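Colleague: Following the hints, put chain B in place on chain A, whose structure we already have.
Residue numbers (the numbering used here), protein chains in the order written: chain A, -4 to 65; chain B, -4 to 65.
Quick caveat, the hints were computed from the structure, so don't treat them as lab data. A hint or two may mislead.
Repeated chains share a single entry, so a pair holds when one copy, or any two copies, can fit it.
With a straight-line Cα cutoff of 30 Å, these simulated BS3-like cross-link-like pairs (lysine-lysine) come out [unchecked claim]:
#: 1; residue 1: Lys54; residue 2: Lys22
#: 2; residue 1: Lys54; residue 2: Lys19
#: 3; residue 1: Lys19; residue 2: Lys42
Note that the structure is predicted; figures quoted are calculated from it, not measured.
Chain residues, written in single-letter form:
Protein chains: 2
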Amino acid sequence: MSLRGMGADLRCRCIETESRRIGKLIKKVEMFPPSSHCRDTEIIAVKEICLDVRAPWVKKVIEKMLANNK
Amino acid sequence: MSLRGMGADLRCRCIETESRRIGKLIKKVEMFPPSSHCRDTEIIAVKEICLDVRAPWVKKVIEKMLANNK
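If we strip away everything but chain A, and leave its shape as in the complex, we get (with noise of 0.2 Å):
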């Protein structure tokens, strides 16, 4: 289910789709019809997770992010 980057590519947004159930507390689905640069209907869903502060992977995440500004 991974995504290209969301610049001004004109390839399709979606290197492969996810068709196994992704749970609730899907926040908003948008969908992308057929074009010139992609013969597909796209959709993709955007999900909110709450992440618990605690777990030391969340903590990598954002000291990751935080690096990539220095």
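Modeller: For chain B alone, coordinates are given in the frame of chain A:
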């Protein structure tokens, strides 16, 4: 990892949190510091997931969303 409605709820946004890894493709991370109505720091990850247009459950989700507006 469920989330309350995002209205003018004067409570914490997160009912429960996820401590397991949620995979890559985190589009953004929202951080909410402790406040008068929620003593926790809340961290909410926003993920985008490409869905398989042919999967029956995806069609149901979309039909349900359309039906809600009738």
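Colleague: Decide, hint by hint, whether the structure agrees.
Modeller: Going through the hints against the structure:
1. In this homomeric assembly, Lys54 and Lys22 come within 30 Å of each other (Cα to Cα) both inside a single copy, at 24 Å, and across copies, at 16 Å.
2. Within a single copy, Lys54 and Lys19 get their C-alpha atoms as close as 25 Å, and across copies as close as 15 Å, so both meet the 30 Å cut-off.
3. In the homo-oligomer, the alpha carbons of Lys19 and Lys42 lie at most 30 Å apart both inside one protomer (8 Å) and across protomers (13 Å), since each shortest distance falls under that limit.
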